[in-house]
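Colleague: The chain contents come next:
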Amino acid sequence: MSQDSLYRQAADTYGPSLDRLARAYELDPDARRDLLQEIHLNLWRSFAQFDGRCSLRTWVYRIAHNVATGHVIRQRRIRSRLVSIENLDTMPGNDQGEGAASQAEALERLSMLIQRLKPLDRQIIVSYLEDMDASSIGEITGLSPANIAMKVHRIKNILRRWFGEGGFHAE
Amino acid sequence: MPSEFPMNNPRNIWQSQPTEPFKMSTDEIRRKAQQLQRKARLGAVSWITIGLFLCVGFARTFARTHEVVPRIGWGLLSLWGIYGAYQAYKWIWPGKLPLDATVGTSLEFYRSELERQRDYVQHVWRRAGLTFCFLGLAIVLVPALIQSLGAPRLLRNAVPFSVLAAIWFAIFWPTRKRAQQKLQQEIEELRLSGTENRS
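Chains as they are written, first to last, in the numbering used here: chain A, 1 to 171; chain B, 1 to 199.
No lab work stands behind these hints: they were computed from the structure. Fair warning: this is a prediction, and the values are worked out from it, not measured in the lab. We put the CB at the ideal spot given by N, CA and C, even for glycine. Any given hint could be a false lead.
[Claimed, not checked] In silico lysine-lysine, DSS-like type, Cα no more than 25 Å apart, as pairs: (1) Lys23/B with Lys39/B; (2) Lys39/B with Lys90/B; (3) Lys156/A with Lys118/A; (4) Lys182/B with Lys118/A; (5) Lys118/A with Lys177/B.
[As the list claims (entries may be wrong)] Just a sample of chain B residues kept apart from chain A, beta carbon distances all over 12 Å, derived: (6) Val45; (7) Tyr110; (8) Arg116.
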């Protein structure tokens with residue numbers, strides 16, 4: 001398959017996920033549009049050397065997350081305030097108690113939570129929210145499935161606290 | 001099991017958020033990529049030009065000066081200009097950079113980015129050729145200041161510059177050290193995660 005058709009296929013299949021991923025890394029709408037464009041540009045460029053050694057999905061997410069990570073790293077002042085999943089899990093005062101009043105409010109709360117995390121942990125939570133299993137997340141991030149499982153367990157704890165005990169089903 | 005309360009299920013909330021389709025065609029993306037490449041080249045060319053401009057400017061002063069000591073100073077400053085141009089070519093010329101974000105896992109990519117940043121912070125003095133700059137300035141300015149000892153007005157004029165330089169030095173070193181330590185700490189944490197994976 002040519003570079004263009006591989007890109008087209010990836011953009012058609014994962015377009016909405018990439019848009020959501022950009023939202024996990026950038027709250028400002030204009031900057032987010034730029035980030036999304038940068039992701040698509042890098043994706044298109046990368047398909048010149050796609051060798052099929054990993055799945056299209058892994059390739060797409062790896063590049064998207066890496067471009068977005070570069071974006072976070074460039075904002076040095078913001079990066080210095082980011083925390084890990086472990087920090088967030090042990091931090092007091094995250095409990096929001098009852099569930100959100102509306103979908104928009106819930107989404108805002110979730111985005112706020114994601115924005116506080118360091119890039120690698122942000123990738124894990126976003127991949128988890130995109131319904132990926134531990135081995136797929138491991139392929140993208142390079143972390144072991146055991147490490148991912150531990151982090152996902154913590155993510156579930158945090159989400160349970162942030163979104164109320166009753167409604168959230170952590171499977 | 002899917003939640004009956006979509007508002008309380010973070011996966012539902014996340015996946016049901018409205019998204020906008022990305023509207024650029026592959027031709028537009030290709031054009032944009034070329035445009036960015038041109039922009040990056042232009043940026044690099046401007047830095048190289050500034051370096052060369054400084055080099056020529058200081059070299060002209062070097063040629064016009066007859067005393068040996070200031071000549072050495074102007075010569076060093078001229079070298080600083082050409083060194084700056086070379087560094088700009090080496091580090092920011094597009095195509096000299098690796099095709100970022102493509103091959104490695106996120107862990108490798110993140111670590112390499114942090115290492116790049118740490119190296120930049122660590123070697124910023126060398127990369128900016130500040131030795132040439134400050135040594136050249138000192139050689140040019142100190143004899144002039146000594147000569148002006150008889151004229152306190154000239155000395156008074158040099159005070160703001162000296163104070164600013166002292167403040168810059170006092171801030172530069174600790175800030176650089178702190179940034180380097182923070183980056184190193186994060187790199188070590190990531191390295192530990194990588195080691196855990198292999199074991």
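Colleague: Hinted pair, alpha-carbon criterion (25 Å max): Lys23/B, Lys39/B. Please report holds or violated.
Modeller: Status holds; Cα separation ~22 Å.
Colleague: If I take the minimum Cβ distance from Arg116/B to any residue of chain A, is it greater than 12 Å?
Modeller: Violated, because the least Cβ-Cβ distance between Arg116/B and chain A comes to about 9 Å, which does not exceed 12 Å.
Colleague: When you check the alpha-carbon spacing of Lys156/A and Lys118/A, does it fall within 25 Å?
Modeller: Holds. Lys156/A to Lys118/A sits at ~17 Å (cutoff 25 Å).
Colleague: Could you grab the alpha-carbon distance between Lys182/B and Lys118/A and see if it respects the 25 Å cut-off?
Modeller: 14 Å, holds
Colleague: Against the 25 Å threshold, does the CA-CA distance of Lys118/A and Lys177/B hold or violate the hint?
Modeller: Answer holds: Lys118/A to Lys177/B is near 22 Å, not above 25 Å.
Colleague: Take the C-alpha atoms of Lys39/B and Lys90/B, compute the straight-line distance between them, and say whether it is at most 25 Å.
Modeller: 17 Å, holds
Colleague: Holds or violated: is the Cβ of Val45/B farther than 12 Å from all Cβ atoms of chain A?
Modeller: Holds, since 22 Å exceeds 12 Å.
Colleague: Verify that the Cβ of Tyr110/B lies farther than 12 Å from every Cβ atom of chain A, and report whether the claim holds or is violated.
Modeller: It is violated; Tyr110/B is separated from chain A by about 5 Å at its closest Cβ, not greater than 12 Å.
Violation of the numbered hints given earlier is confined to hints 7, 8; the remaining hints are satisfied by the structure.
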